[in-house]
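Participant: Chain by chain, the residues run as shown.
2 protein chains.
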Amino acid sequence: MKTALPERVRGVCCAVPIPLERARASRSVEILKALADPTRLQMVGILKGSEAPVCICDFTATFKLSQPTISHHIARLREAGLVDVVKEGLWAYYRLSGRLEPKTRALLDVLF
Amino acid sequence: MKTALPERVRGVCCAVPIPLERARASRSVEILKALADPTRLQMVGILKGSEAPVCICDFTATFKLSQPTISHHIARLREAGLVDVVKEGLWAYYRLSGRLEPKTRALLDVLF
DNA sequence: CAAATACATAGACAGATGTCAATTCGTCTG
DNA sequence: CAGACGAATTGACATCTGTCTATGTATTTG
Chain R
1 MKTALPERVR GVCCAVPIPL ERARASRSVE ILKALADPTR LQMVGILKGS EAPVCICDFT
61 ATFKLSQPTI SHHIARLREA GLVDVVKEGL WAYYRLSGRL EPKTRALLDV LF
Chain B
1 MKTALPERVR GVCCAVPIPL ERARASRSVE ILKALADPTR LQMVGILKGS EAPVCICDFT
61 ATFKLSQPTI SHHIARLREA GLVDVVKEGL WAYYRLSGRL EPKTRALLDV LF
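Protein chains in written order, with the numbering used here: chain R, 1 to 112; chain B, 1 to 112.
Any given hint might turn out to be false.
[Stated by the list, open to error] Not the full set, but computed from the structure, chain R residues with beta-carbon under 8 angstroms of chain B:
id : residue
1  : 9
2  : 13
3  : 19
4  : 23
5  : 29
6  : 32
7  : 55
8  : 57
9  : 60
10 : 64
11 : 68
12 : 72
13 : 85
14 : 88
15 : 92
16 : 106
[As the list claims (entries may be wrong)] Subject to a maximum C-alpha distance of 25 angstroms in a straight line, what follows is the list of computed SDA-like cross-link-like pairs (lysine to any residue):
id : chain 1 : residue 1 : chain 2 : residue 2
17 : R       : 48        : B       : 102
18 : R       : 48        : B       : 16
19 : B       : 87        : R       : 5
20 : R       : 103       : B       : 36
If you're looking for bench data, these hints aren't it; they were derived computationally from the structure. Heads up, the beta-carbon is just placed ideally off N, CA and C, and yes, glycines get one too.
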């Protein structure tokens with residue numbers, strides 16, 4: 001089928017309305033950036049699929065990465081508001097944040 | 001309410017199964033990276049909301065960025081397989097790819 | 001054909017990102 | 001308290017990213 005291309009006049013370009021309000025776009029980008037890494041994406045998937053909070057040390061055992069790198073990735077997820085931490089003695093347990101925006105939950109439902 | 005934390009034994013950590021197959025995770029990250037920029041996210045939103053293909057020159061008029069930067073962003077979307085280009089004379093028209101995976105469509109439905 | 005127009009490419013550069021080794025900080029336990 | 005252990009922080013480094021200016025490539029039109 002032929003695509004209907006709009007008529008154009010040389011030298012005349014028109015700004016189009018942007019669909020997302022600035023703050024909303026900003027928040028979306030924050031979340032997308034946090035998820036846009038293989039390790040962090042899998043981490044979030046693990047947390048989404050896990051009833052109980054997951055210990056950081058199990059993440060360290062899961063991925064072929066150094067402990068500081070795991071710690072760094074988890075920190076990024078925390079900064080984006082995607083996960084909560086519960087510290088108990090030596091251990092730090094993480095879980096999906098309980099205050100995820102519905103849109104964010106929907107996003108995770110699509111991804112996993 | 002009290003969170004039920006798993007029992008732990010010192011020195012014993014367990015790898016957990018990762019939820020996404022490597023190839024699938026890889027593709028998801030590719031898409032997330034492509035969307036994880038305010039300009040590109042708005043571009044995709046515009047294309048999603050537009051019946052007819054959109055001319056690059058209108059994007060150049062829409063965002064406060066140089067023409068090569070717009071070109072660069074659109075190229076990133078193209079490399080991620082999110083958009084198709086139709087060239088007609090001087091102009092280049094872009095639209096959402098016609099072969100988006102259903103999951104990708106669902107992702108965009110959540111975002112916009 | 002020459003000038004103008006739309007777009008892409010190349011090169012440069014500052015800042016962000018992913019990774020690691022080394023260190024520090026807290027907490028438990030002998 | 002001293003050592004061991006889990007986790008976070010720091011500093012370093014290579015790579016990636018977003019942006020720009022300058023240049024190149026097609027295409028249209030006078």
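Participant: It remains to establish, for every hint, whether it holds in the given structure.
Facilitator: Verification of the supplied hints:
Because the closest C-beta pair between residue 9 of chain R and chain B is about 11 angstroms apart, greater than 8 angstroms, the hint is violated. Given the 8 angstroms rule on beta carbons, the hint for residue 13 of chain R holds: about 4 angstroms separates it from the nearest Cβ of chain B. For residue 19 of chain R, the shortest C-beta to C-beta distance to chain B is roughly 4 angstroms, which falls under 8 angstroms, so the interface hint holds. Taking 8 angstroms as the C-beta contact cut-off toward chain B, the hint placing residue 23 of chain R at the interface is violated, the least distance being around 11 angstroms.
Because the smallest distance between the Cβ of residue 29 of chain R and any Cβ of chain B comes to about 5 angstroms, under 8 angstroms, the interface hint for this residue holds. Because the closest C-beta pair between residue 32 of chain R and chain B is about 4 angstroms apart, less than 8 angstroms, the hint holds. Residue-level restraint check for residue 55 of chain R holds (minimum Cβ-Cβ distance to chain B is 6 angstroms; threshold 8 angstroms). For the restraint placing residue 57 of chain R at the interface with chain B, the shortest Cβ-Cβ distance is roughly 4 angstroms, inside the 8 angstroms limit, so the hint holds.
This hint holds: residue 60 of chain R has a C-beta 6 angstroms from the nearest C-beta of chain B, less than the 8 angstroms allowed. Hint status for residue 64 of chain R: violated, given a least beta-carbon distance of 10 angstroms to chain B, over 8 angstroms. With a least beta-carbon distance of about 16 angstroms to chain B, the hint placing residue 68 of chain R at the interface is violated under the 8 angstroms criterion. With 8 angstroms as the threshold, the beta carbon of residue 72 of chain R stays out of range of chain B, its nearest partner Cβ sitting at about 17 angstroms, so the hint is violated.
Hint on residue 85 of chain R is violated. Least Cβ distance to chain B is approximately 11 angstroms, over the 8 angstroms limit. The interface hint given for residue 88 of chain R holds, since its Cβ lies 5 angstroms from the closest Cβ of chain B, which is under the 8 angstroms cut-off. Interface hint status for residue 92 of chain R: violated, as the beta-carbon distance to the closest one in chain B is roughly 11 angstroms, over 8 angstroms. Nearest Cβ of chain B to the Cβ of residue 106 of chain R: about 5 angstroms, under the 8 angstroms cut. The hint holds.
For the given pair, residue 48 of chain R sits about 21 angstroms from residue 102 of chain B by alpha-carbon distance, which is consistent with the 25 angstroms threshold. With a C-alpha separation of about 13 angstroms, the suggested pairing of residue 48 of chain R with residue 16 of chain B holds against the 25 angstroms cut-off. At most 25 angstroms may separate the alpha-carbon atoms for a hinted pair to count; residue 87 of chain B and residue 5 of chain R meet this at roughly 10 angstroms. Distance restraint check for residue 103 of chain R and residue 36 of chain B: the Cα-Cα separation of roughly 16 angstroms lies within the 25 angstroms cut-off, and the hinted pair is therefore satisfied.
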